[in-house]
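J.: These are the residues of each chain, in order.
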Amino acid sequence: MRHTNIIVAIAAWGCVLSGRAQTDRTPALQSAEHNGWEYEVKAGVNIGGASPLPLPVEVREINSYSPKFNGTFEGTVTRWLGRNRRWGLSAGLRIEEKGMLTGATVKNYSTEIVYEGSRVAGYWTGYVKTDYNTTLLTVPLLADYRVNDRWKLRAGLFSSVKLDGDFSGYVSDGYLREGTPVGEKLTFDDGSSAPYDFSSHLRHFQWGGQLGATWCAFSHFTVNADLTWAFSNIFESSFKTVSFNLYPVYLKLGFGYRF
Amino acid sequence: MKKESIRLALLVLMAGLMLSSCIREEALNAEADITDVSVEGVTLIRKPVVTNNEVLFYVNGWQELDRLSPKFKTTDGATIEPASGTERDFTRPQSYTVTSQDGRWKKTYKVSFVSDDVATEYHFDNMKWYEYRDSWNPAAPVQKLFHILVDKTSDGHEFEWGSGNSGFLFAANGATADKYPTCQEEEGYKGKCAKLQTVSTAAFALLGTPIAAGNLFTGTFELNFSNPAKSTRFGVPFRKKPKELVGYYKYKAGPTFTDKHLNKIAGRKDSLAVYAVLFETGDGVDYLDGTNSLTSDRIVLLAQLKEGRETDEWTRFSIPFKAVGGRSVDPEKLRQGKYSLAIIMSSSKDGAAFNGAVGSTLYVDELKLFSE
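Just so you know, the protein sequences line up as chains P and L, in that order.
FYI, in UniProt numbering the residues of the first sequence are 1 to 259.
FYI, in UniProt numbering the residues of the second sequence are 1 to 372.
Do not take every clue at face value.
[As the list claims (entries may be wrong)] Calculated pairs, DSBU-like style, for lysine-lysine (alpha carbon to alpha carbon, straight line, at most 35 Å):
no., chain 1, residue 1, chain 2, residue 2
1, P, Lys-240, L, Lys-110
2, L, Lys-240, P, Lys-107
3, L, Lys-47, P, Lys-107
4, L, Lys-71, P, Lys-185
5, L, Lys-106, P, Lys-185
[As the list claims (entries may be wrong)] Restraint ranges, calculated between C-beta atoms of paired labels, are given here:
no., chain 1, residue 1, chain 2, residue 2, range
6, P, Pro-54, L, Asp-102, 13 to 21 Å
7, P, Asn-63, L, Asp-102, 43 to 51 Å
8, P, Ser-66, L, Lys-110, 47 to 55 Å
9, L, Glu-64, P, Ser-192, 52 to 60 Å
Keep in mind that the hints were calculated from the coordinates and are not lab data.
Since this is a predicted model, take the numbers as computed values, not measurements.
Note that CB positions come from ideal geometry on N, CA and C, so glycine has one too.
My request is simple: use the sequences and hints to build the entire structure.
T.: Right under this line is the structure:
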């Protein structure tokens with residue numbers, strides 16, 4: 001519900017902007033548009049998660065999932081090419097958050113917990129709560145195709161630098177086999193839990209593919225949807241504790257203003 | 001319009017994620033635990049303890065452990081080698097290996113049957129000779145007449161088993177040591193053993209003691225001509241509460257049962273006696289004797305082998321000490337050393353009254369006395 005409110009607020013802001021701008025275009029902008037340049041600002045939310053694909057056998061049940069509110073803000077420049085301006089290339093600069101909150105039941109899941117002040121690696125069976133949150137500076141490079149006056153499609157690649165990141169959580173209602181699946185059993189039940197924190201192992205750079213569409217509601221006001229799919233694991237390759245790769249897959253939904 | 005298209009896009013995305021994110025079929029178990037244990041044929045004194053690589057069964061020290069078949073439950077799908085229920089000798093710990101369902105992980109468990117009971121052990125492996133010096137003729141060589149079995153007490157001191165051999169001495173008439181009622185025998189259950197045999201004392205028949213049953217006991221022997229049954233002085237001070245007497249025996253009854261007048265009693269078969277009594281001393285009573293060793297009201301605890309039978313195989317017995325006449329051991333008196341323990345064995349149960357069958361033979365070995 002909160003998210004809906006925010007989307008409505010952004011939409012309202014977009015409407016106001018578009019209403020005003022239709023009358024307020026500077027000669028510089030008119031000239032730029034004439035030469036095939038298009039400038040946009042976009043705001044939206046990232047909905048998705050960092051997921052192993054497919055889900056590894058260790059995961060037995062997803063008990064809860066929240067995409068969190070991951071804001072994105074982006075400026076995009078597009079250069080339309082050719083006489084009919086059907087194809088174009090665009091680049092952008094985007095500040096975005098990607099995160100999720102999940103609760104899962106796992107079996108024999110490789111992890112490392114903090115137990116009585118020390119780190120204990122092993123295999124966990126039970127409940128795992130994960131809180132993933134990153135702030136990224138992203139540069140998308142895309143090819144654009146204008147279907148008609150209303151629709152634009154785009155596809156390309158993006159790369160991101162991590163500005164801040166957190167991957168932590170806790171385990172509860174289960175047990176850890178220390179070291180190997182036949183190691184000593186550390187049981188956590190009756191509300192006891194143990195935290196884990198892999199934040200320092202998050203990768204600094206990631207890249208992936210992006211696929212999106214824009215619908216021009218009004219001449220300046222746009223609705224955008226972009227699927228971003230990172231091709232790199234969220235963790236550094238030297239980090240082996242989580243035995244499978246997690247790929248951030250997010251749908252970015254938002255509104256834009258086209259100058 | 002806007003909202004619909006957003007919803008549609010969201011739905012498509014979620015559907016896509018769902019498709020690729022289906023919960024996959026559960027992997028085979030990687031764990032290899034023993035999850036539960038049980039065993040029959042032995043009394044467990046507390047719940048078995050199962051750790052990550054050890055199983056401990058708690059038993060009384062006198063339990064026989066050489067042929068037990070413990071059963072194990074393991075993590076679903078895991079296998080155990082040797083199989084659950086396999087009969088093995090647990091006088092020493094045994095190893096079991098559990099292999100996980102996925103076959104990738106193995107864990108070895110040490111399975112032990114443990115007891116914290118301390119036993120006093122009697123092996124009958126050592127003896128010394130009763131030597132006779134002719135005081136009238138100091139020049140004559142010392143004669144070695146019969147065996148005195150020697151063992152160690154719980155605190156490590158050497159002690160001599162009592163027997164009636166010195167009473168037989170007068171009737172022995174030059175018999176070799178192995179013809180005496182009590183002697184050491186080479187072929188024991190382990191090492192040597194004690195041999196008790198009921199023998200004829202032909203010359204003494206007129207005195208009302210026509211036979212001498214082989215006997216062996218903790219205590220001393222002082223020949224009492226007026227009442228020979230009182231010659232045995234049973235019991236030595238004992239400061240612990242005995243719990244169980246364990247040992248091995250072989251027995252053969254003699255062919256002809258006679259009473260103390262040497263009258264044959266047809267149809268009666270001789271039988272052995274193995275028992276132990278804890279009794280209170282004091283009031284001038286320091287020991288029990290052949291007349292009251294099972295009947296004295298000073299007896300507090302009695303352990304008695306009741307199913308003794310003829311057998312030519314070494315047969316294990318394990319007999320618990322039980323309270324007699326509602327009496328109980330007073331810990332304070334125990335500390336003060338006011339109790340004595342007598343372990344008594346005889347080749348003729350009624351030998352103290354000179355009823356028995358000549359030729360009855362009892363072999364005894366590896367006695368263990370468990371105490372609290």
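J.: Next step is simple, just say for each hint if it's right about the structure.
T.: Tested hints:
no.	hint	verdict
1	P/Lys-240 with L/Lys-110	holds (33 Å)
2	L/Lys-240 with P/Lys-107	violated (54 Å)
3	L/Lys-47 with P/Lys-107	holds (30 Å)
4	L/Lys-71 with P/Lys-185	holds (22 Å)
5	L/Lys-106 with P/Lys-185	holds (15 Å)
6	P/Pro-54 with L/Asp-102: 13 to 21 Å	holds (19 Å)
7	P/Asn-63 with L/Asp-102: 43 to 51 Å	violated (25 Å)
8	P/Ser-66 with L/Lys-110: 47 to 55 Å	holds (48 Å)
9	L/Glu-64 with P/Ser-192: 52 to 60 Å	violated (44 Å)
Hints 2, 7 and 9 from the earlier list are contradicted by this structure; the remaining hints agree with it.
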